[in-house]
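Construct the complete structure from the given sequences, taking the supplied hints into account.
From first to last, the protein sequence lines are chains S and C.
Under full-length UniProt numbering, residues 1 to 448 are what the first sequence spells out, in order.
Under full-length UniProt numbering, residues 1 to 448 are what the second sequence spells out, in order.
A few of these clues could be false.
It does not matter which identical chain is used: a pair holds within one copy or between any two.
Taking lysine-lysine pairs in the DSSO-like style, the calculated list, with each CA pair at most 30 Å apart, reads [what the hints assert, rightly or not]:
1) Lys-200 x Lys-336
2) Lys-336 x Lys-258
3) Lys-39 x Lys-188
4) Lys-49 x Lys-39
5) Lys-200 x Lys-39
6) Lys-181 x Lys-39
By construction, these hints were calculated from the structure, which means they are not laboratory data.
Here the structure is a predicted model, which is why all the values come from computation and not from measurement.
There are 2 protein chains.
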Amino acid sequence: MSQRQLKLNAFLMTAGHHVAAWRHPQARADGGIQFAHFKQIAQTAERAKFDAVFFADSAAVWGAGAEQEAQSRSAQADHFEPITLLSALSAVTDHIGLIATVTTTYNEPYHLARKFASLDHLSGGRAGWNLVTSANAAEAFNFSREAHLAHADRYNRAEEFIDVVIGLWDSWDDDAFVRDKQSGRFFKPDAVHRLDHQGKHFSVRGPLNVARPVQGYPVIVQAGSSEPGKELAARTAEVIFTAQQTLADAQAFYRDVKGRLARYGRTPDQLKILPGVFPVVGRTREEAQEKYQALQDLIHPAVGLALLSGMLGGADLSGYPLDGPLPDLPESNGGKSRQHLLVELARRDKLTIRELYLRIAGARGHLTLVGSAVEVADQLQAWFENDAADGFNVMPPTLPGGLDDFIELVLPILRERGLFRTEYEGNTLRESLGLARPANRYTHKVVA
Amino acid sequence: MSQRQLKLNAFLMTAGHHVAAWRHPQARADGGIQFAHFKQIAQTAERAKFDAVFFADSAAVWGAGAEQEAQSRSAQADHFEPITLLSALSAVTDHIGLIATVTTTYNEPYHLARKFASLDHLSGGRAGWNLVTSANAAEAFNFSREAHLAHADRYNRAEEFIDVVIGLWDSWDDDAFVRDKQSGRFFKPDAVHRLDHQGKHFSVRGPLNVARPVQGYPVIVQAGSSEPGKELAARTAEVIFTAQQTLADAQAFYRDVKGRLARYGRTPDQLKILPGVFPVVGRTREEAQEKYQALQDLIHPAVGLALLSGMLGGADLSGYPLDGPLPDLPESNGGKSRQHLLVELARRDKLTIRELYLRIAGARGHLTLVGSAVEVADQLQAWFENDAADGFNVMPPTLPGGLDDFIELVLPILRERGLFRTEYEGNTLRESLGLARPANRYTHKVVA
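This is how it looks when you write it as structure tokens:
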């Protein structure tokens with residue numbers, strides 16, 4: 001294959017990404033907690049040759065800071081934990097990648113390295129870890145803290161966390177386990193490496209009690225777009241999931257991050273940049289607009305406001321008129337890049353609070369495309385061919401219907417244009433993404 | 001069904017329980033890390049109507065304190081993490097219970113409550129949690145500690161841990177999620193309960209972001225047989241996995257623990273006591289003895305000694321002759337009851353160090369039965385009918401062969417005697433075990 005092709009993940013979420021998705025007639029309202037729902041969707045996505053399914057996560061109930069009137073109208077209070085769900089999905093799929101978000105803020109690197117190594121073996125090399133820091137204050141209260149770590153400390157911890165995790169994945173040489181029944185030697189004594197990490201946040205001896213992952217490491221995904229987030233990604237990420245509103249912003253981000261790779265001895269193709277996209281697709285533009293409007297009409301104002309408030313780091317908007325402008329807000333300790341993006345969006349398009357929550361009710365700050373299949377395909381192609389994206393994290397408005405629409409209407413056009421695969425390139429997520437299998441630090445010295 | 005019947009778990013471990021199992025011609029040497037291996041075994045156990053598959057765990061590589069000569073001859077260095085493995089198995093089985101061991105010493109109750117709730121939903125109500133405290137010093141070093149907590153502190157933490165976990169499982173009323181598309185109400189606002197736990201070890205606000213488990217709670221299993229272990233079990237356990245060497249000891253343990261239940265307002269049938277049993281079964285006693293001897297002959301002395309040393313809490317036996325007696329050992333900070341059991345066993349049977357490690361090389365202190373199918377069935381029946389056991393945690397010497405032997409040779413005899421089910425009683429692990437679904441503390445007040 002000579003032509004560069006799109007990488008596409010199916011970002012799955014309960015009954016769909018739109019905040020009112022669960023109320024839609026075609027959405028499965030109890031989807032978040034029904035294995036049959038995700039099994040069907042993952043198998044559908046695999047038939048369509050998606051690179052991976054992708055799951056976000058938070059170790060707290062959604063909207064814990066919101067008024068209960070809003071919280072009780074959201075489908076986010078009840079859903080599977082991603083590692084368990086993806087492990088189950090590994091048993092009913094064969095090719096599709098399995099990417100789970102897990103925070104570095106409230107976990108231990110040994111547990112995390114072990115679970116992802118285990119998932120990688122269970123799936124024959126299809127695991128990916130979306131490394132995040134916790135921007136949700138409600139999580140702190142579930143882990144014996146009064147407040148979560150400051151933004152800089154979270155990244156500091158994340159930097160050390162990932163070094164420990166990758167070190168643990170290198171515990172064993174790829175050919176360590178000889179299992180020679182005759183001699184009784186199970187592994188080569190010189191093929192195991194103790195990490196003996198001593199750092200500011202962690203002391204971890206190792207080795208891991210799982211063989212080196214099938215992929216060497218599970219694929220490392222990151223979502224941070226703040227300054228420390230971009231720097232961490234440039235050093236360690238292989239996929240970036242980012243929220244970009246315009247082609248120009250996406251191009252600037254793409255150039256910025258890819259430009260940072262060289263100082264870590266990396267080449268641009270070692271990091272795939274996948275903006276999120278929320279596609280509402282119709283056979284015509286009008287049909288798409290009607291679909292979108294039908295979802296928008298289902299949003300309760302309390303839910304819209306709570307969603308916005310949460311994404312602004314817990315800002316209290318209750319005293320401001322819905323049809324007035326977004327007030328100036330103090331900087332919070334939440335996720336920086338998302339707050340910045342929303343404030344910019346409101347300013348740029350002169351949106352009221354209500355208009356702003358309606359604008360993000362589907363895509364939560366990611367690119368929203370409402371149009372005919374050709375229009376949606378054109379946009380994806382424009383970003384892909386103009387140095388704004390290596391592919392996309394596709395966020396279906398409803399599930400399973402919204403994903404079916406994208407597969408049935410948009411994918412055939414992308415394939416016709418040679419922009420998306422018709423068969424998997426191999427068996428592992430790395431092979432789908434075109435990422436090399438990393439060498440073990442202990443057995444393959446890098447030649448400078 | 002009027003007759004009381006045996007409860008049987010299949011305790012699975014890499015290539016089998018015998019320390020040299022992986023070297024046996026009929027064992028799958030790489031079984032610990034092959035999903036196909038466990039899928040086949042779990043489906044076999046389900047066809048045989050076992051109550052559950054059961055997995056032990058340690059968050060450290062086996063034998064970290066042992067000399068590498070021993071460690072590199074053990075199959076325990078490379079195996080799946082149990083939560084991920086059982087999640088995957090949930091997708092390829094329908095009735096069999098899924099019990100995973102997870103330590104309370106190096107975990108957070110919110111993560112644990114969430115993962116087991118998720119597994120219970122994934123499996124339609126088949127999850128069980130074997131609650132342990134970490135007796136393995138090597139684990140501490142993987143979690144930023146210089147040494148693990150003292151025995152009393154570990155139990156203190158475990159006591160608080162389980163209260164938090166059960167509290168989190170009660171976060172939602174059973175009928176909380178109404179998902180009314182028309183009104184837009186996803187859950188009943190008064191059906192969610194914040195835990196607001198403030199304790200010595202943990203502060204956890206809650207609620208959990210998963211609906212109440214299908215079983216109310218996953219089944220609580222415990223293995224501690226020390227004084228605080230028995231007391232914790234009497235208060236909270238529904239199944240006890242215990243190591244007992246003789247009928248008399250097992251009866252004393254059974255009487256002791258069941259006798260403690262009343263002071264927690266519980267009845268004897270609310271706690272099932274399942275001693276471990278390591279069955280080497282033949283068509284004749286001679287065939288069984290040959291099978292056993294074949295396994296014993298595969299034990300490398302370094303492996304036997306390391307196994308024994310590890311089970312004695314890391315005791316250094318290197319200076320003592322293999323064919324001399326077990327020396328007096330200082331009390332360690334490891335698992336108390338197992339150390340005590342081994343010292344007693346050596347004294348009672350006047351065993352040398354070598355004889356002692358040979359004695360525990362299969363069952364690690366659990367009951368070893370080597371005999372014809374009728375002899376093994378007779379023993380199980382005798383324990384079952386004489387207040388020593390409600391069933392057994394069956395530890396196959398090799399996998400898959402050792403489990404097949406038990407199923408093909410012993411189960412038909414137990415069934416003939418009416419001692420084991422021919423069909424599952426229901427769909428959940430609680431229904432198999434004959435345990436009631438616990439009420440939610442917030443919605444059903446206990447009437448004193």
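Against the structure, the hints:
For the identical chains of this complex, Lys-200 and Lys-336 are intra-copy neighbours only, at 24 Å inside a copy versus 34 Å across copies, given an alpha-carbon limit of 30 Å. In this homomeric assembly, Lys-336 and Lys-258 come within 30 Å of each other (Cα to Cα) only inside a single copy, at 20 Å, whereas the closest approach across copies is 56 Å. In this assembly of identical chains, the alpha carbons of Lys-39 and Lys-188 lie at most 30 Å apart only when taken from different copies (28 Å versus 39 Å within one copy). When the C-alpha separation of Lys-49 and Lys-39 is checked against a cutoff of 30 Å, the pair qualifies both within a copy, at 15 Å, and between copies, at 26 Å.
Taking the shortest alpha-carbon separations for Lys-200 and Lys-39, neither the intra-copy value of 41 Å nor the inter-copy value of 41 Å comes in at or below 30 Å. For the identical chains of this complex, Lys-181 and Lys-39 are inter-copy neighbours only, at 23 Å across copies versus 39 Å inside a copy, given an alpha-carbon limit of 30 Å.
The structure does not agree with numbered hint 5 stated previously, though it agrees with all others.
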